[in-house]
Amino acid sequence: MSVAERIRGSLLSKPAEGAGGRTGTWRVYRPIVNYSKCTKCGICWLYCPENVIDWLEDKSVRINYDYCKGCGICADVCPVKAIDMVKEGVV
Amino acid sequence: MSSQVPLAKQVRKVLVGDHAVAEAVRLAKVNIVSAYPITPQTLIVERISEMIERGELRADYVRVESEFAALATVYGAAAGGARAFTATSSHGLFYMYEMLWWAAASRVPLVMAVVTRALGPPWNIHDEHTDILAMRDSGWIIGMAQNVQEAFDMTLTAFKISEDERVLLPVAVGLDGFILSHTAEPLDVPSQEDVDAWLPPRNPRIPYVIEPGGEAITMGNLPGNDVYHAILKKYMDESMESAKKVIAEVYDEYGKLTGRNYGPLTECYRCSDAKYLAVSMGAWSGDIMNAIDRLRNEGYSIGLLRIRYVRPFPEEDISGWINGMRGIIVFDRDYSAGMGGVLAGEINGLVPNNVSFEGVLAGLGGFDVSADEFKAIMRDFVDKTEREGLVRIRKYWYIPKIER
Ligand code: SF4
Ligand code: SF4
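For the record, the sequence lines run as chains A and B. So for the first sequence, the UniProt record's numbering puts the first residue at 1; every next one is plus one. So for the second sequence, the UniProt record's numbering puts the first residue at 1; every next one is plus one.
Rather than coming from a laboratory, the hints here were simulated on the basis of the structure. Check each hint, because a few of them may be wrong.
[Unchecked claim] Computed list of lysine-lysine pairs in BS3-like fashion (alpha-carbon distance at most 27 Å, straight line):
1) K69/A - K37/A
2) K81/A - K69/A
3) K14/A - K234/B
4) K233/B - K14/A
5) K256/B - K13/B
6) K234/B - K9/B
Can you make the complete structure from the sequences, with help from the hints?
Written out as structure tokens, the structure is:
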């Protein structure tokens, strides 16, 4: 096996859900989508750095809280301010 | 350097070291350059930006806000398959420090010129090798040029070494701040056609390519098992070992092309019949050779082992040359606090207990050490060994008197 092949095999990984990326108990704020305001534009899905927002067939969005780290980027980019960052444990 | 008939048509130019590096970058047809200005590196990227502006080099030049961003930019470009170059010095290099490790462990081929310079405080823009030697554990291949011609040759060959499938490690080309970077010397420059034939464009798929719409991959992510970390370090070590062979091959071909043959990892001057060996790297090696010529005229049997590449560490070469010597004296223009000279520290372990050894710390912060001063230091070491037998001095601080 060439060096390049070995590097490819060990340095790179396929994006997938894995225990390594699972949010533990450390998330401080949780993004909550207000579906009455949401226009289904998909911008939060596009910007989420963790790729944990699903943009479903009907164009509605679902946040996977197992992997969401609570960075707040989705709330920040939402053009209609449909996402609130709520302190963990409050909701 | 032995001469042979070169295959390439070459043009003699007179350039300062920084411009010679820029010339090599132009001939290597680099795709992306990013850098932040820092003395004494600035001339390199200024000249490259002029080349791009005049259309002599078709590359993207990315202006960034810091050296961290400069290395991050070329790292990203190289991960996307581009041939990329950056340059830095001293504090700028340290500002990149985290990215040095990311670039090396991600195994992207990259070339960076490091124009060596002291680190403050006190504020100091003059030459010292401590900055480049602080890279030595990061996984970069590290060379140090002796003159302007070698700075050019080392830069051009660096692309070939870095992109070799058996290596895939970034390469740092060191040149002494001001002493080489700002001093004009004649050098021979091969034509674009000859360089093109010798250095084809980078294969963007090796080692991998990250591209929009391409296969979805993640890099630098949390691995499923922490043991991967150790596995990758072992791969890196194997690549460093095979780099020794690749460097030799690349210089062999380069020698056929240009008629300039280098060591390749080390070069020994007047060593074959020597009983004592001085060791150094970088520009002042020329002054040490000069001092050695004078000592030879006085009957002293001494040679100079010049380290061209500190990483991979040329352990076998060094041990081979040390074998049978009576004494080894290492000149360091760098200092590892609490330890001493970096080269002395690395070479010390290869010197048998019954051989004299002295590590000399000199030229720190850029003060000049003349051939006469080198001569006096080496003569004292040889005389002491001949007079007293075994001498073992790990740290000898050579500090000239100053007028206050
Ligand atoms: S808070 Fe951050 S990680 Fe969580 S869904 Fe929003 S953008 Fe993604
Ligand atoms: S960015 Fe806001 S409006 Fe757009 S889909 Fe997400 S939550 Fe809805």
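Tested hints:
1. A threshold of 27 Å between alpha carbons decides the hint, and for K69/A with K37/A the separation of about 23 Å falls inside it, so the pair holds.
2. Proposed proximity of K81/A and K69/A is supported: the alpha carbons are some 19 Å apart, at most 27 Å.
3. The suggested pairing of K14/A with K234/B holds, with an alpha-carbon distance near 22 Å, which does not exceed 27 Å.
4. Of the pairs offered as hints, the one joining K233/B and K14/A holds, with about 21 Å between alpha carbons and a cut-off of 27 Å not exceeded.
5. With a C-alpha separation of about 20 Å, the suggested pairing of K256/B with K13/B holds against the 27 Å cut-off.
6. Our distance criterion of 27 Å between C-alpha atoms is broken by K234/B and K9/B, whose separation comes to about 42 Å.
Hint 6 alone, counting from the list given before, is not met by this structure.
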